[in-house]
Amino acid sequence: MRNKILIPALAALMAMAACNKDVSNSTANLPALNPADQDLGAGGWKTILLSRPDSFAVAAPAATNSTGYAADILELKGYQRSMTSAQAAAVRYWSAGAVLRWNEIMRELVAKYNLPPYQSSDTTYPIPSATNPFAYPYFPFANPPYAARAYGYISAAQYDALVACWYYKQLYNRPAPYKVDTTIKTFVPKTTLPSYPSEAAVLAGVTAEMMKLLFPGEIGSIQQKLEEAELAAIMSGAATRSDINAGEALGRQVAQMFITRARGDNAGKAVGTPADWANLRTQTAAKNQVPWLSLETPSRPPMLPLFGKVKCFLFDSATMVSLRPGPPPSTGSDDMKSATAEVYGKVKSPTRDQMKIVQFWADGAGTVTPPGHWNAIAAADFIKKNWSEVRWARNFALLNCAEMDAGIVCWDIKYFYFNPRPSQLNGDIKTLTGVPNFPSYVSGHSMFSAAAATILGHIVPERASAYMAMAQEAANSRFIGGIHYKVDCEVGLTVGQNVGNYAVQRATHDGAE
Amino acid sequence: MQRKYFARLAVLMGVLLLHTSILRAQTDEDAIMMTKNNFCIGGTYMHSSWDHYWEGTFKRDNRNIGTMSTQMIGLMGTYGVSKKFNVIFNVPYVSTHVTRGTLHDQHGIQDLTVWLKWLALEKNVGDGVLSLYALGGGSVPLTNYIADYLPLAIGLHSKTLSGRLMVDYQLSKFFATLSGSYTWRDNIRIDRDSYYTTELHNTNEVKMPDMTLFNFRTGYRSERWILEAVGTIMTTIGGFDIRKNDMPFPSNKMNATTVGGHFKYNFKKVDGLSLTGGGSYTVAGRNVGQSTNFDAGVFYILDFSSKKKKK
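As given, the protein sequences belong to chains A and B, one line each in that order. Numbered per the numbering used here, the first sequence spans residues 1 to 513. Numbered per the numbering used here, the second sequence spans residues 514 to 824.
Isolated chain B, as found in the complex (with noise of 0.2 Å):
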């Protein structure tokens, strides 16, 4: 009748870090462009893990988690409708472990995201190019996963809808990114009929909380290499932090800082065909798993256009 008290808590990162922490090349957060007709497709992995988390801003471990595991495999394309105008989408297949404890670990397909990518402005600035970026993206569950299991669920469940504004300076071979958001979450319905946050609410309908994001990298940029550093702030707009002891909830005040770094490498012998990998950690939380996270790619480019069909 009581659920393991110490069972089901803190909060997964890799869940909420799906745009963030992964998928770096021509993704929704890098200042770079599919050529027209031109498709981008790939295969990702991403590796997330926790000992601690932050419940409320108190740090603890929990000895019935022990250590806390996402594991995620996407695919992800990006479509060249225009060499301004990209479409982008990403659906991951997600599994989470913990390692001490009772309970039951999960797995399923999670969300579809969709992103709208459009290059709205390029001009020479001193001896560098600024470009300007406006991104609208959105994200459906694509099965009826639990979202109130957390930190075990493989997300929350809810439609989201994203804006997002980027900026970008590139100097000869060095760039600096900045990128901002906002999303905004439904509410979700989840399977209980009363559920405690600040107080009691007795209905199944879950408010949930919208976001921001902040996103900073640079580093060196060219044909063949980016070697970035990447810096990410995560905040959520209202929400409530866990309870002393008590177990997350997915309108919980989830935000997080984390820095890391990225590569992309394309090869020289195989046109198109291009790796991506990179790590990031943590460093300040409220509601989330401290979590050190890490990721690998593959993609290629499929070439639609009427040149390529000359050949």
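Chain A extracted, bound-state conformation (with noise of 0.2 Å):
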């Protein structure tokens, strides 16, 4: 009797200890990007912040009949016969196209620093600060603002890098190793792309400079990340020496240009200093409004409070201003107190499926944030496109210089209003996710998500309800879960769309459609 139950109680448990556990990427296998379309023409297509294609003078490459050329064959094949199984495998993560791979590293390394800091003895928080990323607290504290302004400008540089990379390899025309020595092995899809100068070095050369600013402390990190990548477009037969050197101080040198408007867009000042905290309450107190309060304990400085001042891509200052809403409920009307009442009763309850979709869309503390899972989204359906990597680095730089300018529109109207959060209004309301450190009015979960379903339902049309939808759930799922009035996500659907119909009409006049 026993031996009938224990002996299969025990094979099982067995059987089951001796199971691979491992979990696996959604992308961790993904076969070669074989792009149908190499888009040739790109290098016209219309830049963000380059006045020209060739503001960066790229040299001519040698012939392919030169002697130094036959040196970078030689030591193409050299790697190639000395391929270790880890090269190969990196030879493989990266042929799936280094866009969406940098896209990955810097969602990992926004969910790394998106972390609060934690307390001093006094009960202040100390700030981060970029010259001493090391120490803690780390610099950057790579909340959402940050992160947003952060995938804006990676993105933004990574497609101008890719357009002038583009407009050099159409003007050099070098074919790739693989035609000029047919017995060079191959492990990308063999196409008709020229080769001088390498987007996958142009790419890294580009990532790695814009990592330096806004991950400072990762600078060892991505300085591997950009070796695996340009000995992989070596290794793969895709590239030479000569092409991964043109490309990668390309990349470094648009990547300045960039650094340069990062440094003056104001986005250094958004902490603000405490008399900036003070005057927030103060002015929104003699606009007989209750201001705003943090809800943590001890009192947290307001995230950002100055972001709103960061200069745009997609608009200029004046346009940003326009895009600003009227206001929400004044904080003593009964319009509020039936908005709050709403609240509570919504979230006293609250069911399973009602969780289930707080937790999805949450993107808080230690996330890739709501930009990143927005990004994340776009990624799995752009990899079902096999488009060419200028055209995976343009449409990700129309979505976050989307996802960047909302955060900053979003930043201004939430400081301007400076409105409280429900929990404030009403100490019953307990929350589903934790309540953001910043005003209330509006969403900026809605606001991300309209943007991102705005321009990427331009971009993927057939997908563009769907999108919707999505941002439909994810800006309910603030009201759902506690922490905003349905009019934050209401009013944040609305300024969303109109941002993204800044990115939509830039799509349109770029060149690429």
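Hints were generated in silico from the structure; no laboratory data involved. For glycine and all other residues, C-beta sits at the position ideal for the given N, C-alpha and C. Be aware that a few hints might be false.
Straight-line alpha carbon distances no greater than 25 Å define the calculated SDA-like cross-link-like pairs of lysine to any residue that follow [claimed, not checked]: (1) LYS572/B - THR123/A; (2) LYS757/B - ASP122/A; (3) LYS21/A - GLU718/B; (4) LYS21/A - TYR695/B; (5) LYS384/A - ASN715/B; (6) LYS757/B - PHE139/A; (7) LYS21/A - LEU625/B; (8) LYS356/A - TYR606/B; (9) LYS720/B - VAL23/A; (10) LYS572/B - GLN119/A; (11) LYS21/A - ASP723/B; (12) LYS766/B - PRO137/A; (13) LYS46/A - ASP265/A; (14) LYS212/A - GLU712/B; (15) LYS766/B - ASN20/A; (16) LYS430/A - TYR606/B; (17) LYS46/A - LYS287/A; (18) LYS672/B - LYS430/A; (19) LYS672/B - ARG352/A; (20) LYS356/A - GLU712/B; (21) LYS356/A - LYS572/B; (22) LYS720/B - SER26/A; (23) LYS430/A - GLY621/B; (24) LYS348/A - TYR606/B; (25) LYS720/B - ILE105/A; (26) LYS686/B - LEU645/B; (27) LYS757/B - LYS348/A; (28) LYS21/A - GLU712/B; (29) LYS225/A - THR716/B.
Stretches of chain B that chain A covers, calculated by requiring three or more beta carbons in the stretch to come under 8 Å of a beta carbon on chain A [what the hints assert, rightly or not]: (30) 603-616; (31) 772-780.
Partial chain A-side listing against chain B, Cβ under 7 Å, derived [what the hints assert, rightly or not]: (32) VAL23; (33) ASN25; (34) SER26; (35) GLU108; (36) ALA111; (37) PRO116; (38) TYR118; (39) TYR125; (40) THR297.
Now that you have both chains on their own, put them together as the hints suggest.
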């Protein structure tokens, strides 16, 4: 009797203990990118900061019958002969698309750095410093506005750099190594794309240079990724050392333009000062409105109150102000009372489905943030498109410029009205995710999501209604999670769509459609 | 958009130590067997609370949590298939609460746990009796409760399988019991499609590290009373530390060492009725709350044996 039960039970236990529980990423085993169209004319697409695709000179490459090139080919073959299995895995990894892989790396860094500093013993909070990124609190605190801007700058710089890259590819028209020497093995699909300068190296150079500014604590790990990506390009048979060197240099130069802009775009002042924080309270109280209060203990200064002053990519500051909606219901009004009661009623006895929606879209501390979530959503659909690298970059640049600008407009609105969260007005409101440490009106998730859904719906039209439904669910998740009034979400969706439409405007005029 | 960063921290001892901090009579951790065709059924109550926790190895409090408490009501039963082979089950209802901050309480039916307990060997050694037990157990979540909502989640929603060896020595009315177990935990799926541990995972599947548990108990054991001191060491094989000021996560490295005491009293006047109770305290831990736990239970033995039926 007992053996009949125990032996199978023990056997099952041993069998399960032996099985592999490893979890793999959804993009771990993608096939190599094999674009249907190489977009050979992309050198003529409209850039974001570069005034011309040849603003930075790239010297003509050595001829493919030169001794220098012969040395390049020898080096390539040598690498191929000595390729380890780890290097072969790196070739496969990067072959899925370098824009995709750098986007994933960027999301990982955001998640890694998206942690609020722990309080000091005097109950104030230390502020991360770009000049000392290795000491706690680590720089940056990659919160949603910071992340939106980081995604925006890196994607925009990658796009401009690849437009320049494509310009020179067409100009010099140097064939890929596997075309010159047919004895070279290829680990990526053979294409007609000229190899000089290498797009893999342009991307590595531009991204690494941008990361120095945005994630300075990661210089070492990013340099490793750069070297891995460039070596993978050579080992794949798609690029020689001279293709790589020219590409990396071009990428780094283009990045400098974006870095110069970033240093002067006001983001460095977005934290504000204690006087700024106090002013927000007194100005709001002077308008007979209940000012926002941090619901954290110890009280934490509001998140990046001056981020609304950051320079947008898609429109000027006058346009930005014109996007600001009218005020929320007055904090003393019956409308606000009923809006608060509505939140309380919704969150008092939540259903499991309600919690699931809230969690799916929460994208809070330690995550890729809402703009990062929309990057993941976009990437999953972009993968199916087999676009050229330059088109991948263009579409991420459109998305992330929209996300960055949505963040700026949203933060402008939040600190213009300085509106309290539902739990501040009614302490009985218990939430299904943490209450964000910044004002309520309008919902950032709603703005990020509507802006993303709008531009993505333009890029992948067959998914437009699905994206908008997701945006609506993301917006609603903040209401049913108890951290936003319904009006925050509704108005946020509208303003987000308006921001997204500026990206659509750009898309229809950038020469890529 | 940011979850309240401070709010959802540390981990719930009660949830993890369901098998250890409560339910001491004829359980999976004691050297007592039900006789054939006897069914012991009982109800237990447990209260667990903490206001400090270990974030990795850093011990801290959190004024956005205040005191975290877990209450549990368990329905438990043990059936004697034979005097050497028992089947034990447990179904708890769990509710959680924090005294500060804004995070919503959770409550619900958690996991069904079943143990098969086999008295493999019993022999006289010296003046006492040495016995050896082998146990196999498993648990399955009974409801679709949320796991990725620590510390307020009522459980981790993982299916588990456990194996345990236990040795007991009784000399006169004094005894000592030592057991060691290994728990295999199945991966879980969470509501998000990406999460960060020590790297970013773009999937909703979470690899759950396995665990070991050692339990030592010693004291007085007679027909009427059991009075014992209990120590446990729970260790997660793998898992990762909560980063500074981050949220806890189901696959954290959750370790805890607890010490406590427990009693069982069998009533004289009502045959088969017993009371249990006890308490324990977490003396060391990692990615768990420093919990203080209390429990109480009432058990009754129903005799289905033929002898009983004839009466």
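Next on the checklist: I'd like to know which numbered hints this structure contradicts. Please list them from smallest to largest.
Outcome noted: Violated hints (numbers, rising): 17, 18, 21, 27, 31 and 39; every other hint is consistent with the structure.
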